[in-house]
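Dock chain B against the given chain A, drawing on the hints supplied.
2 protein chains.
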Amino acid sequence: MIFKCEGGVNAPLGFSAMGVFVGIKKTKKDMAMIMSQVPCIAAGTYTTNQVKAAPVLWDQKITEESGVAQAIVCNSGIANACTGEVGMQYCKEMAQVTADTFGINPDHVLVASTGVIGEQLPMDKISQGIQMLGLTMDQSADGAHLAAEAIMTTDTKAKEVSFEFRVAGQNCHIGGMCKGSGMIHPNMCTMLSFITTDVKISKELLQEALKEDIKDTYNMVSVDGDTSTNDSVLLLANGLADNKEITEKDEDYATFVEALHAVNEQLAKEMAADGEGATSLFEVKVVNADKKESAIEFAKTVVGSSLVKAAICGRDANWGRIMGALGRCSAKFNPEQVDITFASNKGNIQVVEGGMSTGYDEEKATDILTSDEVTCKIDMHMGDAEATAWGCDLTHEYVSINADYRS
Amino acid sequence: MIFKCEGGVNAPLGFSAMGVFVGIKKTKKDMAMIMSQVPCIAAGTYTTNQVKAAPVLWDQKITEESGVAQAIVCNSGIANACTGEVGMQYCKEMAQVTADTFGINPDHVLVASTGVIGEQLPMDKISQGIQMLGLTMDQSADGAHLAAEAIMTTDTKAKEVSFEFRVAGQNCHIGGMCKGSGMIHPNMCTMLSFITTDVKISKELLQEALKEDIKDTYNMVSVDGDTSTNDSVLLLANGLADNKEITEKDEDYATFVEALHAVNEQLAKEMAADGEGATSLFEVKVVNADKKESAIEFAKTVVGSSLVKAAICGRDANWGRIMGALGRCSAKFNPEQVDITFASNKGNIQVVEGGMSTGYDEEKATDILTSDEVTCKIDMHMGDAEATAWGCDLTHEYVSINADYRS
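Protein chains in written order, with the working numbering: chain A, 1 to 407; chain B, 1 to 407.
It should be emphasised that the hints constitute simulated quantities derived from the structure, not laboratory data.
Just so you know, not all the hints are guaranteed correct.
The list cannot tell twin chains apart, which means a pair is met if one copy fits it or any two copies do.
What the hints assert, rightly or not - Dumping the calculated DSBU-like pairs for lysine-lysine here, alpha-carbon to alpha-carbon at most 35 Å:
(1) LYS61 to LYS92
(2) LYS291 to LYS249
(3) LYS332 to LYS285
(4) LYS269 to LYS25
(5) LYS292 to LYS215
(6) LYS25 to LYS292
(7) LYS157 to LYS28
(8) LYS203 to LYS26
(9) LYS346 to LYS25
(10) LYS215 to LYS332
(11) LYS285 to LYS25
(12) LYS203 to LYS332
(13) LYS332 to LYS291
(14) LYS377 to LYS26
(15) LYS215 to LYS291
(16) LYS125 to LYS291
Quantities reported herein were computed from a predicted structural model and do not represent experimental measurements.
Pulled out of the complex, with its shape left as it was, chain A reads as follows (with noise of 0.2 Å):
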């Protein structure tokens, strides 16, 4: 049993956060910390891009090998992202600064950056936002909150969550903030999202739980196709609920991975819901289809059309441009079998009967589409493989955006 407590990652024993604002961005919140009073164990999964952005590579390094962490500093506004060696030298400064100004080992610093690619950080600014987070650093869901609130970029919205469950009669908890929006794709892709929770558990399991966890939920979500030089999902875990610590896959771990989910799917339809200029969540159930992989590539290829999201905008049940997202993907399957039904909290409508119109009410569907938050159900009838992933509508706005992001 789990369930839903505030704080986000602050809910946690033993954490605290906060976000300040020092000139990155030009009038917004740009930085964040998320610091744990102990050392804690730390997972990571980052970008599949093969453009890795500094803090991707100094993470990844951390995570990899001592596997300990005690903070997370992170910047919005410049990802440092192609920035060769410079790039590199300024993670090692983010952590030396954090680590002098907290008193805790550089080593145990991970670094995280979002924003525009190809520029240097104002390493003067960012001492000076961490030095300012040490004096400011706070452990109520206010420091959580706008902690969240210093990663967004193109965010409409700070996500965060948090849930509190028992582990071998203690209580625990686990909280998460992540940033996501534009050049959001399978495969971690400009979202951070960082998560913090005080159970026992090994290194081992800890870095499984998450490694597993992603593949269904933020590896579900597409926002334009485009992939993150900068994706990172870090969970720290610093053990100070003090419960019999997690060692093996028994009731216990599953109920830490149940929070955990529980933890990343929201954040995943956050982000998704927030994409871009995206005025309703688009979520996609394939159901029945002959394996996993292939439930998983039906689900992708449609919540990532540009000609499907561009009819989610305009509620318009076009299943046409549905089966023809499904027929481009590598997994075969018979278009004649194909059911499509559409539902929203106005209802549902099946729209496609073995691969054929069923004849519907436009107007019905129309309404069932005017909603923030759409389902597509997709029968395959071939097996009992599923799978769901979410994105958004295309819009306007999101052209607005990407078009002049830079100025």
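Same frame as chain A, now just chain B:
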């Protein structure tokens, strides 16, 4: 040597064409016919989408079995895709009515449809249209142009071109028309292209020439990443130029391939430039890749990236997005070796050297990008393979067109 000439699909001897309005669309011409005086050798290449429209199945059978055709009848407005047995029956009827009207063999009639998926064709209007076409067919450039207009959907202009070339002392001609616009992507996608020639050539060489050339032309075009159920390139050769038949890969074959390529490349570029809502043709030229397949993947991924396309719309030299798009390719490369240069009729500017900014002048870059034809040259410094892909910018207009396509 090849020379541009007038006449479009009517430039070759013995062809006539026409386009008429029969009421499938609301106000614009919606039926076209191309007819040869004599049966032709016919070649075709078709969509790779698993969901294939009825006309694709019909034509595939003809070009793959007899390889002989005399006419192409096409309607716009409704795609005759996802229409089951009834859709196949309607192809047969379209061919039969054409055969009856023009006194030819129904097995020699290729059919094509483009438009909304999932609706059945209004066969009474189609039959009426074919009879109108029977009364109005025209051998002049005007007839070809009216036919080119009648196959348009969201295209803003008719696309046609023709060339004259010499084979063994005889003047020969080749002409083509196409429609494209939305849903255009690698692997032949709602694109219809009809090519006519009076050259005398063997069936095998005609098919091979077409199959090879589409790889470097239509398949290198991407408008929105979606592929269609209906894409077809149909090529009719009636042999009326009476040249010595081309039966081997000699100099004459090379001349024919050059002319065919000129037709296909121009139509492909015009299709890209006329992508839905596009304000500029966007050409991505990858050079010095390690192998051809890598060069193709790099070029197509960059030209198809929503983020890159939106930046081009905003005249923003946001090269970080190009690096990001390259990075998500499966083909490997070293980001620190990449050079990127933008060019247009206003000049050129190198923005990236060795994976990092050259410190270029942003204003000058914006000026160069403010053109209706922009080229991005990407030097991978790995080998000597190259590939060029064509696309367009992503604009508000694209969203408007596709949000409301069916209304």
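| Given a CA cutoff of 35 Å, do LYS215 and LYS332 count as a within-copy pair, a between-copy pair, both, or neither? | Answer is both: 22 Å inside a copy and 23 Å across each meet the 35 Å cutoff.
| LYS203 and LYS332: within-copy, between-copy, both or neither at 35 Å Cα | between (39 Å within a copy, 32 Å between copies)
| said: If the cut is 35 Å between Cα atoms, do LYS292 and LYS215 qualify within a copy, between copies, both or neither? | reply: Classified as both; 11 Å inside a copy, 32 Å across copies.
| query | How do LYS377 and LYS26 come out at 35 Å by Cα distance, when the copy is not named: within, between, both, or neither? | reply | between (42 Å within a copy, 32 Å between copies)
| task | Have a look at LYS285 and LYS25 and pick one of within, between, both or neither, based on CA distance no larger than 35 Å. | result | between (38 Å within a copy, 34 Å between copies)
| request: Measure nothing new, just compare the shortest in-copy and cross-copy C-alpha distances for LYS61 and LYS92 to 35 Å and report within, between, both or neither. | output: within (12 Å within a copy, 64 Å between copies)
| said: At most 35 Å between alpha carbons: which applies to LYS215 and LYS291, within, between, both or neither? | reply: both (15 Å within a copy, 32 Å between copies)
| request: Have a look at LYS332 and LYS291 and pick one of within, between, both or neither, based on CA distance no larger than 35 Å. | output: both (11 Å within a copy, 29 Å between copies)
| message | One pair to classify: LYS25 and LYS292, alpha carbons no more than 35 Å apart. Within, between, both, or neither? | response | neither (42 Å within a copy, 41 Å between copies)
| said: My question is about LYS269 and LYS25: at a cut-off of 35 Å on alpha-carbon distance, are they close within one copy, between copies, both, or neither? | reply: within (26 Å within a copy, 39 Å between copies)
| message | Within a copy, between copies, both or neither: which one fits LYS203 and LYS26 at a CA-CA cutoff of 35 Å? | response | Neither: 40 Å inside a chain and 65 Å across chains, both beyond 35 Å.
| said: My question is about LYS291 and LYS249: at a cut-off of 35 Å on alpha-carbon distance, are they close within one copy, between copies, both, or neither? | reply: Within one copy only: 25 Å inside a chain, 46 Å across chains, cut-off 35 Å.
In this structure, the hints that do not hold are numbers 6, 8 and 16, in rising order.
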